[in-house]
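Colleague: Each chain, letter by letter, is given below.
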Amino acid sequence: MNSLFKISGALILLLAGGLAYAAGDIGQMDKQETNWVAIALFSAFVVITLWITKWAAARTKSAADFYNAGGGITGFQNGLAIAGDYMSAASFLGISAMVMGVGYDGIIYSIGFLVGWPVITFLMAERLRNLGKFTFADVAGYRFKQGPIRTFAASGTLVTVAFYLIAQMVGAGQLIKLLFGLDYWIAVVIVGALMMVYVLFGGMTATTWVQIIKACMLLGGVSFMAFTIMAHYGFSLEALFADAVKVKTAVASAAGKSPEEAAKIGGSVMRPGGFISDPISAISFGMALMFGTAGLPHILMRFFTVPSAKEARKSVLWATTWIGYFYILIFIIGFGAITMVLTNPEMADVAKGVIKGGAGTANMAAVLVAKSVGGNILFGFISAVAFATILAVVAGLTLSGASAVSHDLYATVFKHGKADSKSELRVSRITTICLGIVAVVLGIAFEKQNIAFMVALAFAVAASANFPVLFMSVLWKNCTTRGAVIGGFLGLISSVGLTIVSPAVWVSVLGHPAGSAWFPYASPALFSMTIGFVGVWFFSITDTSAQAAKERELFAIQQVRSETGLGASGASGH
Amino acid sequence: MTDPMVARIQANPKYKELRKRRNKLGWTLSILMLIVYYGYISLIAWDKAFLSIPIGKGVTTIGVPIGFGVIIFTILITLYYVNHANKEFDGLTAEILKEESK
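Keeping their order, the protein sequence lines are chains S and D.
Each residue of the first sequence is one higher than the one before, starting from 1 at the first, in my numbering.
Each residue of the second sequence is one higher than the one before, starting from 1 at the first, in my numbering.
Some clues are possibly wrong.
Claimed, not checked - In silico DSSO-like cross-links for lysine-lysine, where the CA-CA straight-line distance does not exceed 30 Å:
no.: 1; chain 1: D; residue 1: Lys14; chain 2: S; residue 2: Lys310
no.: 2; chain 1: S; residue 1: Lys477; chain 2: D; residue 2: Lys87
no.: 3; chain 1: D; residue 1: Lys87; chain 2: S; residue 2: Lys550
no.: 4; chain 1: S; residue 1: Lys477; chain 2: D; residue 2: Lys14
no.: 5; chain 1: S; residue 1: Lys310; chain 2: S; residue 2: Lys133
no.: 6; chain 1: D; residue 1: Lys98; chain 2: S; residue 2: Lys246
no.: 7; chain 1: D; residue 1: Lys98; chain 2: S; residue 2: Lys477
Bear in mind the hints are in silico, worked out from the structure with no lab data behind them.
Looking at chain S on its own, in the form it has when it is part of the complex (with noise of 0.2 Å):
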């Protein structure tokens, strides 16, 4: 494993070079000084993970290790690994960007990334953790005819980890461009070449310790911002409220606003805006957020990694605790960055009330609250996490991926279970490559585009996809592989269809005229994943064929299997 350690001291070549070449080609975007504690911290940050990949690569002989770490994983870490994989930096750079710009409306947002985690403790975990091995298709086809359901769980799991992947490819991007220095291209090829070099070489047991120190990094620095912010405020929420209240109706004053409207713009922090405009948007993004959580494959994955069902409910309620925590401080941060970072004449354009730089550049509040409560080490801190985060939330993706492939394509659909362990590591290291690079080049073909609806659109096709195929063939004895596989199908397709024509997509991305969006509503969950269930439902019962009677008799073992964990597979898997 020396190669890891020559691709080590590449990366830093390249991030070096790198950045000698922008130095002499700063845009308009990327006035940041060359920031040497961030690059500094995020190469300690690399050189640890890559010491951990090769530890870790040690240990991954097996398909099983490379899929779910020898299922070794206890559930304090998983929970923790789990956060660190779905706290991503669209929900720290994002939200807390939200919330600076529109203040109450990032809670309602962040809300519905919460709640779908008890809902998925209560009616999936254990049964996720007593019947499955390595992929969601375990699950789910656990009593199905394999090929036509894990076709069709490869193809939920790909266009979800696409969309998804893209978002973080395009935000690490920017986001690197913008701390770093580089040029946008080398800080996406620097994501894709660590990316692939974890889950390479490390696999899951490497992938689930990048989380967890990401995890760890992330909540010490956002605790320790929020903690500052409200030590200013001699821990007062109604002096930080007020405050930024302040701010706002002073920068809409400055707009040219009669007291009484500016009054009102600056209370408008406090109060839910047009984040939800109409109900049915609401009711259907609400969906998206909380079912879509429990039909994320990466996230799935990581159910197949503790060694009991205990440890699976474990895993949960400790990532719930730590999610819950990530987005309350976030508000926090968000608000910091209204009284912070918005009045200092060096970070914002303080008579406007944005921060200075063009486009793109209110994702820098939270690095920026960070810069102005500890000054360039902070600053530089929370860089690196920023750019770790990533890392570890597109090494979940590209290994998610990579296993539906291998495990579920490659093993199953086209080698019939006949494949050894051997070949399919093989077959997943060659898509892990596969999906690395596509992952760079989409993301540097996206660039310029507004990302914001694709982790949007990635829960959606979760929602309307995976998880009502999942549910239904846990929960339902009538459920059939047709059913399954057509209902699944159409709610893949309904809710990708649905969100082209959606204004997010048609007006926004496209360049239609405002108001012709044929679907008028922010999210197609609601109708998509009522299709989707629907689908599932119609096509089960009108199944009379004599493998549907046969699947139908086969609930009986699933469901004492799922329900007491009989028979399911141990921690070893060696």
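With chain S held as given, fit chain D onto it using these hints.
Modeller: Here is chain D on its own, set in the frame of chain S:
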């Protein structure tokens, strides 16, 4: 794993008890969570004015404690289920498996 074992477990009164208790708790709490979340979303969709009422003389609105409340409720309801399941259901499951694998 053999069918007779599955049939024996299915016939075991303790398994029926486990299923009944777990399903009841799981679905009750799930529905509770759905009510809380969609109640909150409905408030935002239909009655923004309510969430915009300031608390006392300050700028903080009722929406803030309600929003934080939903987050804390989410954590507590999960804690309640996990505690319950780890104590009660796992013990029962272990008993069933022990009895039937003799």
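Colleague: If a hint holds in the structure, say so; if it does not, say that too.
Modeller: Now the hints, each set against the structure:
no., hint, in the structure
1, D:Lys14 / S:Lys310, "holds (19 Å)"
2, S:Lys477 / D:Lys87, "holds (28 Å)"
3, D:Lys87 / S:Lys550, "violated (36 Å)"
4, S:Lys477 / D:Lys14, "holds (21 Å)"
5, S:Lys310 / S:Lys133, "holds (16 Å)"
6, D:Lys98 / S:Lys246, "violated (66 Å)"
7, D:Lys98 / S:Lys477, "holds (27 Å)"
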